[in-house]
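Trainee: These are the residues of each chain, in order.
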Amino acid sequence: MALTIKEVEHVAMLARLSLTEEEKKVFAEQLGAILGYVEKLNELSTEGVEPLAHILPVFNVFREDEVKPSPPREEIMANGPLTEDGYYKVPKIV
Amino acid sequence: MQLYEMTVHEVKALLDKKEVSAREVLDAVMERIRKVEDKVKSFVTITEDLAYDKASWCDEKAEKGAIKGIPYALKDIICTKGVKTTCSSRMLANFVPFYDATVARLLDEQHGLLVGKLNMDEFAMGSSTEQSAFFPTRNPWDLERVPGGSSGGSASAVAADEVFFTLGTDTGGSIRQPASFCGIVGMKPTYGRVSRWGVVAFASSLDQVGVFAKDVEDCALIMNIICGKDPLDSTSVDLEVPDFTSFLHTDIKGMKIAYPREYFGKGVDEDIKAAVMKALKHYEEMGAVVEEVSLPHSEYALPAYYIIAPAEASANLARFDGVRYGLRDFKADNVIDMFSNTRKEGFGPEVKRRIMLGTYALSSGYYDAYYLKALKVRRLIYNDFARVFEDFDIIISPTTPTVAFKLGEQSDPLTLYMNDILTVPVNMAGLPGMSIPCGFKEGLPIGMQIIGKAFDEGTMLKAAYAFEQTTSYHQVKPALEVK
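Chains as they are written, first to last, in UniProt numbering: chain A, 1 to 94; chain B, 1 to 483.
Don't take every hint at face value.
To be verified - In silico lysine-lysine, DSBU-like type, Cα no more than 35 Å apart, as pairs: (1) A:68 <-> B:64; (2) B:273 <-> B:376; (3) A:92 <-> B:81; (4) A:24 <-> B:406.
Unchecked claim - Chain B is faced by these chain A residues, among others (derived, beta-carbon under 7 Å): (5) 16; (6) 41; (7) 48; (8) 53; (9) 70; (10) 81; (11) 84; (12) 94.
To be clear, the hints were calculated from the coordinates, so they are not data collected in a lab. The beta-carbon is built from N, C-alpha and C at its ideal position, and this holds for glycine as well.
The whole structure should be built from the sequences, with the hints applied where relevant.
Mentor: Now the structure itself:
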């Protein structure tokens, strides 16, 4: 079943993604179709099944907190679309 | 035989004996690229000057290296210091990393020659390389058809003899499916076997870096270089890496091979089924024990994947906000619009679709119904494989339900997702999987998938080598024409 345009707009807001009116319509249909397919999972009883997020028996991985060299700031910031005095610049927030 | 047609081990033998120089090998490869690249379009970036600098160095210096002087290329999702890494996305069209991914560094340290970065579906989301924001890549076996994806450029470059080997990534089949479509060897190692550091993340619990090669021996040689624990990737595993070439022999007497009936069901092309059944017969004649088994939850792997992978992607791709790197919308006067417009401009339709799907599945009120449910189903899929591997050494199936399709033929998202139906379960269970050529349908390659126990790539390579060395499918080369 297709999502409503309102649902699509809510999800797009959560994802920080602006969509055209046309995209909203298309996604409402397509996401509905994909979620309809995913409904198939409900054919299975998963009562008592432990969720598997990750296949490795690895949980917390720690290392010594040692000071190591970092790449030069200028190299890192060279990809910044807008920088000034070693800071990234964005539109006014408050 | 032309230099560029050779395998890694063949050209390595010539280089070691100094019968050819690294520059001569590179000349042959660059000439080949100039001749065929307009047809296949494997590359996003060609690093000819860098490669020649390194080739001259190789010819002058005595230092040893496992792939010294051998040209290769990387999927454009693997960060390369000073070389653009775009993920075939407008978002990263001008992104130049200031570091090498661990796998890029490991190949560089063995003195291979990086000749370029390879086209892919944007952010590795797709099965045809038509989702590249730049241009589609073509299948060398029929230029009207797709090479598969998402690592399509990695597969086409090897199949068209543009380089000797490439690396790609596989989240749901993105190495095995294009290897199958292009008639070459593709290996997705066990999750945790290869470092993902410096590889742009799609779905972190599923992504794995792997190899495209012209034959199984080359695949083993490259696996020897890229596998192992990396302190920079906490999910890489500290297990001894065997010499994978030690598995390359053809005595497979007594090897126990399972074939799951669910992988030979409806929706899988009859000629592909027949080719894989013929291969199983071949294994039996070589002394292997071949039996049918059931992996009862197979059909649930794909729907679970299309919750888990987009959910992880929606989180991973949140970093593309126009602040620190990549595209930026300069028109917005507030920061929320700046984020939202940057992402609107930077991402293509499939990436947007998956971000939307993942965000929906993780959003308040839907988390248990979709994401948690999918993780529980993932456990059931994992258990299916574990049961079969109590009694068997490897599992064999078709790699793909069809041979390579035409560009533009599969435009509906769900239809396109079905391409991964036979490969996705392997990622869900974190197992190693590979595809090797096992036949042709109307001149298009058919791939056979070999699935192994976790961290037992060696046995898979042995099975693959035994089949390859007693058949000739891997020796047939594409004509690079429209069929």
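Trainee: Work down the list of hints and note, for each, if the structure agrees.
Mentor: Status of the hints after comparison with the structure:
1. A:68 <-> B:64: holds, 29 Å
2. B:273 <-> B:376: holds, 30 Å
3. A:92 <-> B:81: holds, 33 Å
4. A:24 <-> B:406: Satisfied, since the Cα-Cα distance of roughly 28 Å is no more than 35 Å.
5. 16: Hint holds; residue 16 (chain A) Cβ to chain B Cβ min 4 Å, cut 7 Å.
6. 41: holds, 5 Å
7. 48: Since chain B brings no Cβ nearer than about 9 Å to residue 48 (chain A), farther than 7 Å, the hint is violated.
8. 53: holds, 6 Å
9. 70: Hint violated; residue 70 (chain A) Cβ to chain B Cβ min 11 Å, cut 7 Å.
10. 81: Holds, because the Cβ-Cβ distance from residue 81 (chain A) to chain B comes to roughly 3 Å (cut-off 7 Å).
11. 84: violated, 13 Å
12. 94: Violated. Min distance 10 Å.
When the structure is compared with the earlier hints, violations turn up for hints 7, 9, 11, 12 and for no others.
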